[in-house]
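There are 4 protein chains.
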Amino acid sequence: MSVPAAPAPPNASPNGSPDTSDAEIAEARAATATTRRPTVPAMEDILFQRLPVLDHGFVRVVDYMGDDAAVVQAARVSYGRGTKQVSQDAGLIRYLMRHWHTTPFEMCEIKLHVKLPIFVARQWIRHRTANVNEYSARYSIMDREFYLPEPDQVAAQSSANRQGRGDGFQPDEAAQVIDLLRQDAERCYADYLWLLNEDEGEAPDADAAGADRPGLARELARMNLTLNTYTQWYWKTDLHNLMHFLRLRADPHAQYEIRVYAEVIADILQRWVPITAEAFRDYRLEAEQISRTGLDVIRRMLAGEAVDQKASGMSAREWRELMAVLGRPA
Amino acid sequence: MSVPAAPAPPNASPNGSPDTSDAEIAEARAATATTRRPTVPAMEDILFQRLPVLDHGFVRVVDYMGDDAAVVQAARVSYGRGTKQVSQDAGLIRYLMRHWHTTPFEMCEIKLHVKLPIFVARQWIRHRTANVNEYSARYSIMDREFYLPEPDQVAAQSSANRQGRGDGFQPDEAAQVIDLLRQDAERCYADYLWLLNEDEGEAPDADAAGADRPGLARELARMNLTLNTYTQWYWKTDLHNLMHFLRLRADPHAQYEIRVYAEVIADILQRWVPITAEAFRDYRLEAEQISRTGLDVIRRMLAGEAVDQKASGMSAREWRELMAVLGRPA
Amino acid sequence: MSVPAAPAPPNASPNGSPDTSDAEIAEARAATATTRRPTVPAMEDILFQRLPVLDHGFVRVVDYMGDDAAVVQAARVSYGRGTKQVSQDAGLIRYLMRHWHTTPFEMCEIKLHVKLPIFVARQWIRHRTANVNEYSARYSIMDREFYLPEPDQVAAQSSANRQGRGDGFQPDEAAQVIDLLRQDAERCYADYLWLLNEDEGEAPDADAAGADRPGLARELARMNLTLNTYTQWYWKTDLHNLMHFLRLRADPHAQYEIRVYAEVIADILQRWVPITAEAFRDYRLEAEQISRTGLDVIRRMLAGEAVDQKASGMSAREWRELMAVLGRPA
Amino acid sequence: MSVPAAPAPPNASPNGSPDTSDAEIAEARAATATTRRPTVPAMEDILFQRLPVLDHGFVRVVDYMGDDAAVVQAARVSYGRGTKQVSQDAGLIRYLMRHWHTTPFEMCEIKLHVKLPIFVARQWIRHRTANVNEYSARYSIMDREFYLPEPDQVAAQSSANRQGRGDGFQPDEAAQVIDLLRQDAERCYADYLWLLNEDEGEAPDADAAGADRPGLARELARMNLTLNTYTQWYWKTDLHNLMHFLRLRADPHAQYEIRVYAEVIADILQRWVPITAEAFRDYRLEAEQISRTGLDVIRRMLAGEAVDQKASGMSAREWRELMAVLGRPA
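Residue numbers (my numbering), protein chains in the order written: chain G, 1 to 330; chain F, 1 to 330; chain S, 1 to 330; chain Z, 1 to 330.
Calculated directly from the structure, the hints in this document are not laboratory data. In this text, all values refer to a predicted model and were calculated from it rather than measured experimentally. Among the hints, a few may not be true.
[Stated by the list, open to error] Partial selection, computed: residues in chain S whose CB lies under 10 Å from chain F:
hint	residue
1	A42
2	E44
3	F48
4	P52
5	Y64
6	Q73
7	R76
8	W124
9	V132
10	Y135
11	Q232
12	H240
Glycine included, each C-beta is placed from N, C-alpha and C at the ideal position.
Isolated chain G (complex conformation) (with noise of 0.2 Å):
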């Protein structure tokens, strides 16, 4: 897990918010002061920066709030003189975790600045423990940016998986797909900034008369957009939720789309309290429940009987499930 701390590239957007332009990013990064808060110093090498994901979505510290010690800080509030001997902060942490004793955790806080496309952002949004301020169409003309699959992600409907996606296509067939997803999202977008009256160039047909018409309402022009169009928001979350969302959306089962950005903010946790990131490595993300009839048969076959589906007493699906996660065959 790393993040890249090189400059993001160049965006021109004219319409985004105002601090996102690489001029003033550069700005609010030279500006510092001295704190007595906790500091981090591999997130304020990042702050502010975009760190790229999909064609035109980003993703920006834009503030955070404790560290590793905060969480064990806290979590001695808790305990008091009760904890004198749990002498590493590390070994602390770790039992937090393992014993989901999660509100030392909610003690630290980050917020960030996304860019993503609106159908990704109406999974995100089902997180309701977060805090939000989304670029809304009502007041503002929504950027001309919409995402595009690259030809590697255009893939077929599962048939195992009924919400996931299969195999992949051919290249002409996917060319052929990303040409309609384009064509439809610019027509659409030319179509919004003709009913609001913004482009006085090209109107859909000779007749009308660009100059003299009123702007549509923005909060009904925006209706027209696909919902494959980039919106962005500040989201703030606290440490507890962020690795709740992770757990969540940086698993395999995730659509693509928001997988690569739990996975940058994945890489953003690395860096902000690396002793909470491998605890939740240990013992969430690459830990598994097993349920009691799952606990009954790795008993039953460590004591050496040669157990099979039928006699497990689980479904052929359960089976199959628990078999992968012992590394042996269904």
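Using the hints, position chains F, S and Z against chain G.
For chains F, S and Z alone, coordinates are given in the frame of chain G:
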């Protein structure tokens, strides 16, 4: 405020959730049981029925918990012996509302099934204190239904209110707008079906051979839909948060397309908890927050002073807003 | 798991909330209505009845919304046409539980009336995703009821577990502890009444003339009560958060005095949503989270390797915990 | 509103959380770092210092995120290009406050360390939208510190306000109350230590041999403490919810013992976000919600009508409240 109890028009959609065909609704309504729980006959009358909103949307009450008496009952737990003398339920409910004692209102709960355009859903979901199950376009195919405004709702961007709509369009201009919205939505939907390979008939260009093409993953194809496509969800919230939703969304400044949902829900509120609904109107919906300076202006006026904006210490905008509330010329 | 449906013993408390006398409960239970809402006969059987907990506490189901079928119904909204083949409700509920699809479980709601010692209430309230109306000692006078442990619950501080209890006390030691707790609680309560000037009889010293003294403000007098004094509240939460509560509080590591409440609520869960309750037991309560390292150990053992703690890469404590789960000697 | 920046008095408590001794605070304050994050010098001045409240309580700012400019920055993400003309930050913040646009205020966060009596903590915890780590009496031994009111705070139950206090006590009556509270708290605490077998010296009766007795489990012994015993916690919340807390708890109707905490936090607010704090005073703290009927009364009065209670359509109590707001005789 009255809710049409008559059956809603038939819904021919083949893809909707399993309980929204007319036959299924009639079957669900025919099944009754005996209960000891608080029951509101006016809610039973409309239970499960589609209350139409916009061109294809609806609100259906799927379940409810509690009534006006349940608010009183919860308040009496708090106040116990101390409230012996507050003899009337209505008086207690009005007292709670006036003094922002919100927790007794959280003791009632409602569950709605709502069909709504995606751009409305994106506003709605910002109310985080609710439970939501939305139709998933990763699993399922979206219906061919999109919102198109009525001609009298097609209006220009407001010059006074940066997020609202102003003057209506001329009929021919409105018709042109609606046509454009329809064409883009229909083309995007047709291409969506083509991408899914669900529509054998019409390929977007002659070379495409539908039968052999793989269907694009649903989670990808959906990005081609426009934001006026209808989605649907189950939405469950408590009475306190329902009123907070109504306070923001039944407000004249709310966008028309969400306000009409709020108005139908306000009618449901009236059926469900009529005493609470009246107190809500008196102390929230039709009440006003008057600022420190505004109170000072009122006091001076009542004392006979001729206060104008200059003497008020208010900005021109605040002065206008205050005079509007007081029913006086600005 | 079975819930005693028999009537609870009479509650003579004169100060309780207005619906907990035996007569009021009987009256409430006698009133029935017809409803179209989902109804669970096994819940109706116990509705409003006090299910006793500890020496003076209870849990009463005051209302509920939804049932197992409501979970399925909400899930089908999400999955729509895509789930045609998941034919069985139980299979779908188990799938949701196994894969942490939590939102359908949020579509059911329950409202309980609970009487509990204040120190238990302080643990319980940490579950923030619930609605609460607590008896207010600012308004009302607290009952003369405090929790005293049974002799077999009087135990020493655990040496192994810094937050738990270890060996039981000898009978005479236990009796001494209980006597001391009783004396302090009774004296504090008597002085509380004296401060309120509610108890004309006994002044703490001979000079005090009860009749003429002003009663101390209730909000102040209450500070003299001990933490084992009973309070009561209405507590309302959704099924998902109820199970989260049970997972933490029905756990053997939870303090006995809250665990007994969790056990009564687990019985209620079984009555209310038996399919969900069984899935909850299999995939949560009696399941285990196995860490990345733990999975590695299991895989190596299954492959025939003789792994010991040293070779496992685990701390001694984690190794012990894993061996306990696997039913093997540490 | 001003915050004493001078060092707080020494805190001799041996059991407190690890960072509250004078030496530890001085050490933490001496360590500084360079940061690119928004920094508020007036907050740095008081960081980590104990701001005393009541007889043994305090509030310490442990960390903060954001400032007035961060509110503006988040609002500008929402409004983007559409807000070009709102040139002044103060104007925008006041606009947001006036029109209940609350999400930009959620973008700032504060973390406090608070020491407070348990009965105050029980009120405070009702604000659910916060993160909390409380000192655990299951793990640790509580300090010998309990709240005793100042003589001028000892007052009778109010006859007008069922939840408040009325006339003060005579000095000798007040002294008697305080003595009784002290005696009960001290006896309960001494018995608590005896139960824990932590106090070798004084057994409550001569027969008890301290050395050989087992110490009662801490989770049990704590129930013997009175509700004025001090506890402590880390409490973290966002600026919006902090103001909601202040609005309810800095109110004259709030109990004195929580109001003094709110007042210290209001001073911190003034240091942290002075523009927001002023807008909060003008549009929330010193503003009033005027009901539909109240607005009607004001309009009629301003039109020259002589309205009295009878003609107002208001209850006597509401009329009194309105006349008080308008500074007129009831």
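Each hint, compared with the structure:
1. A42: violated, 13 Å
2. E44: holds, 6 Å
3. F48: Hint on S/F48: holds, closest Cβ of chain F at ~7 Å, below 10 Å.
4. P52: Cβ of S/P52 sits 19 Å from chain F, so the hint is violated.
5. Y64: holds, 7 Å
6. Q73: holds, 7 Å
7. R76: Status holds, d = 5 Å.
8. W124: violated, 15 Å
9. V132: holds, 7 Å
10. Y135: holds, 5 Å
11. Q232: Since chain F brings a Cβ to about 7 Å from S/Q232, closer than 10 Å, the hint holds.
12. H240: Holds, about 8 Å.
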